[in-house]
Amino acid sequence: MIKYNRFTLSNGLTVLVHHDSHTPMVAMNILYKVGARDEDPEKTGFAHLFEHLMFGGSVNIPEYDTPLQLAGGENNAFTNSDITNYYLTLPKNNLETAFWLESDRMLSLAFTPKSLEVQRQVVIEEFKQNYLNQPYGDVYLHLKPLAYKVHPYQWNTIGKEISHIEKATMDDVKLFYQKFYNPDNAIVCLAGNVDIEEARVLSEKWFGDIPKGKHIERNYPVEPPQKKPRKLTLERNVPQSAIYMAWHMPSRTDPEYYSCDLISDLLSNGNSSRLYQHLVKEQKLFSELNAFITGDVDPGLFIVSGKLYDSVDFKTAEEAIEKELKNIKETPVSSEELKKVQNKLEANLVFSEISVLNRAMSLCYYEMLGNADLFNLEKEKYQSVTPDNIQKTANRIFDEKNKNVLYYKAIKK
Amino acid sequence: MNSTSSIDRKHAPLLGKPQPLQISEPRKIMIHNTVPVYLIPDNNQEATKIDFIFDAGTTLQNKKLQASAVNKLLVEGTLHHNSFEIAKTLDFYGAYIDTFTSKDNAGVTLFGLSKYMKDLLPLVLEVISEATFPEQELETYLKRQKQNFLINNQKVKFRASLEFNELIFGKGSAYGQKLTESDFDNLCKDDIVRFYNMNYKLQDVYIVISGKITDALILQLENLLIIEHQTKEINEKKKYTIKSKENIRLISQPDAMQSALRIGIPTITRKHPDFPHLFLLNTLLGGYFGSRLMSSLREEKGFTYGIYSYIQNFKYADYFLIATEVNANQTRPAIEEINRQLNIVSNEKVSKEELKIVKSYLYGSYLRSFDGAFSQAERFMKGKVLGLTFEERKQELNKMMQASSEDLQQTAQNYLSSDKMKMVVVGNIEGLQG
Chain A
4 MIKYNRFTLS NGLTVLVHHD SHTPMVAMNI LYKVGARDED PEKTGFAHLF
54 EHLMFGGSVN IPEYDTPLQL AGGENNAFTN SDITNYYLTL PKNNLETAFW
104 LESDRMLSLA FTPKSLEVQR QVVIEEFKQN YLNQPYGDVY LHLKPLAYKV
154 HPYQWNTIGK EISHIEKATM DDVKLFYQKF YNPDNAIVCL AGNVDIEEAR
204 VLSEKWFGDI PKGKHIERNY PVEPPQKKPR KLTLERNVPQ SAIYMAWHMP
254 SRTDPEYYSC DLISDLLSNG NSSRLYQHLV KEQKLFSELN AFITGDVDPG
304 LFIVSGKLYD SVDFKTAEEA IEKELKNIKE TPVSSEELKK VQNKLEANLV
354 FSEISVLNRA MSLCYYEMLG NADLFNLEKE KYQSVTPDNI QKTANRIFDE
404 KNKNVLYYKA IKK
Chain G
0 MNSTSSIDRK HAPLLGKPQP LQISEPRKIM IHNTVPVYLI PDNNQEATKI
50 DFIFDAGTTL QNKKLQASAV NKLLVEGTLH HNSFEIAKTL DFYGAYIDTF
100 TSKDNAGVTL FGLSKYMKDL LPLVLEVISE ATFPEQELET YLKRQKQNFL
150 INNQKVKFRA SLEFNELIFG KGSAYGQKLT ESDFDNLCKD DIVRFYNMNY
200 KLQDVYIVIS GKITDALILQ LENLLIIEHQ TKEINEKKKY TIKSKENIRL
250 ISQPDAMQSA LRIGIPTITR KHPDFPHLFL LNTLLGGYFG SRLMSSLREE
300 KGFTYGIYSY IQNFKYADYF LIATEVNANQ TRPAIEEINR QLNIVSNEKV
350 SKEELKIVKS YLYGSYLRSF DGAFSQAERF MKGKVLGLTF EERKQELNKM
400 MQASSEDLQQ TAQNYLSSDK MKMVVVGNIE GLQG
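Note that the protein sequences, when read in sequence, are chains A and G.
Residue numbers for the first sequence follow the working numbering, beginning at 4 and rising by one.
Residue numbers for the second sequence follow the working numbering, beginning at 0 and rising by one.
Worth double-checking, as some hints may not be accurate.
Said to hold, decoys possible - Going by beta-carbon spacing under 8 Å, a handful of chain A positions derived as facing chain G:
| no. | residue |
| --- | --- |
| 1 | His22 |
| 2 | Thr26 |
| 3 | Glu66 |
| 4 | Pro70 |
Simulated from the structure, these hints should not be mistaken for laboratory data.
In this text, a Cβ means the ideal position worked out from N, Cα and C, and glycines have one as well.
Next up, chain A with everything else stripped away, as it sits in the complex (with noise of 0.2 Å):
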């Protein structure tokens, strides 16, 4: 249980405050409403470009970095489908500098050519060293275009193709800030060595007088229905071939959310696993296997992948990946192993509370789904889940209509 205060400025920012007296140091978090979600299909990549420009400097501060190292700070951000989110921690008795900085990257940037020169060739070189050069490293770039015909799901975090990353101009730079990093599409979460009312001065100090952006349309398209399987073939020069699995699943609220995230710790969380014990230690057809959740707002996807051992063909293990499916839909869990999975979870969040810079960011997430307290309550939502509840998601989820397949076939240079 998180105890926290809330209060919003008049331009909307909304701000989170967490009091925990036992560490020296302050965590700020600042969730952006803004993912790749939000961009133009034809300028993909634009949410995470910008993570990387919020570093080139705002517009009364030439550099981020040094400032907060002078005042024993770190930092660092990541950018999703759905959110950019901003973080870092220093001593307490540095708390301002802490929002001096942020607030100035909130009011403007300072836009400079140069930045913009060298983030794109930063960016482009990530491209290519994780999603180009990288074994497996264009899987998802194939994947999610495979599973989404219609959401902006289907394409990547760092954008469709290289040349997005290219084109971007300064104008398509600024339009893109001047809607989406504006007070009334932020969140902020201070945890720490804070007070609620310390707190509530240095907010109003520094983020009050932030113009508000205007009003965000958001209408995702929906994606429809998947009406049967898909299926692709990739050869690729890797060590071993692999098999990715992709079924539909619910959004990130909706009450499946948590049969699904079960199902996926039923099949490969810890050691006692199924697929684990199955597939890997007793028939050895793999030599890594794993299921999970995408984990996004919007219906995201549930994933099996596995690496086959050279003797295993595509057809043997996409059968027993199935069979294993077919067991946990026809099957009810025994209530030992729900509760397995269920306490597993309950751990998993405690150790997530551990780091005062986790709780912020916690905090700050949950608020953007609607309400922090969200946070507090998921313990609650795991453990209601019933084998009733899994056992027929399963059945829902696990359709052969709904599955998307790709094999990504090793071969020899």
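With chain A held as given, fit chain G onto it using these hints.
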């Protein structure tokens, strides 16, 4: 509400004075007058971590892989439970048993919700005291590890680290052991059992408990710890390091897109009076994102995605190291630039401004690394191998905060001469010979 003009956005707010580290030495209790238990409580946590540390590092092994195989296979079967049953119990309680092996020691860690510790403590002790090492599990383990080794051995980074370790400590030394493919075929169950029987005795363990600690937990630990006093056979005196004249190892890997560089030198111990200055200098040179090496080789020249320098302290030896992977076509200019940067810190004084940035960064990173019971437990165990107390850590930090530009220059001249460094290159070695 303030208007924009009333606040000064151009200048950074005043910084607070760095506060001393608020840490106190862990409380030590003895169980059965034999086993030291160190307590780092934080009763606001709902999680507990128990580390069991043994003198069972790789320096004690007679065959390579012996120490790590024993350590990893502890959880793969005991007198009472097989591998699956152990995994199932841990998963049921949402807990983890992690194991590690280093040169100087080895450990088994139980981490889980405090409320289940009573159910898990017997299991972790069983794993430590009654492991059986089933043949089948050993075979699978070695097969998987060999596969990993072969894949890793195609990476320049992995090969360079193996080679550097041997180069810096010396061929045939206990610290300089180098894995080869055949090592994975030479280990049998007898080797495992012998090493286990000799080095995993509870009479020789020390324990660190962090997070939520209850009296009941300590009591249970006392009841479960059964100690048979036996004399530990003293191993023959090890040669931890062997001096050699070899200074450079160049290994060609023609298809590699990057060359891996390892450049380093044996150095002073953690408790040496000059260590704090050397540590500060290391940070400035390559110890953080804003470092000299990172700014030059990554940000300015684009030779690499990242470059770092480190000081590695072990129980019986220490070294300084610069490690990076660079664009293979730029191997030679990259080495030249590294040497140039080493020479600059010897020849020129650091500006006050840069010194201030490095100190502030270091101060923050100390605060972070001691933040919370679990982090403190990590620091405590790292320090214990070296005989380093928390009090000495505080003194270290104080000394760093007081260092001057002159101190750093002197330290560079004393300990980081570019012409005394040993070097390994794996990748494109064209034009580097002779």
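Now for the hints, and whether the structure bears them out:
The beta carbon of His22(A) comes no nearer than 12 Å to any beta carbon in chain G, farther than 8 Å, and the hint placing it at the interface is violated. Because the beta carbon of Thr26(A) sits about 5 Å from the nearest beta carbon in chain G, less than 8 Å, this interface hint is met. The criterion of a C-beta within 8 Å of any C-beta in chain G is not met by Glu66(A), whose closest approach is roughly 10 Å, and the hint is violated. Proximity of Pro70(A) to chain G holds as hinted, the smallest CB-CB distance being about 5 Å (cut-off 8 Å).
Checked against the numbered hints given earlier, the structure breaks hints 1 and 3 and satisfies all the rest.
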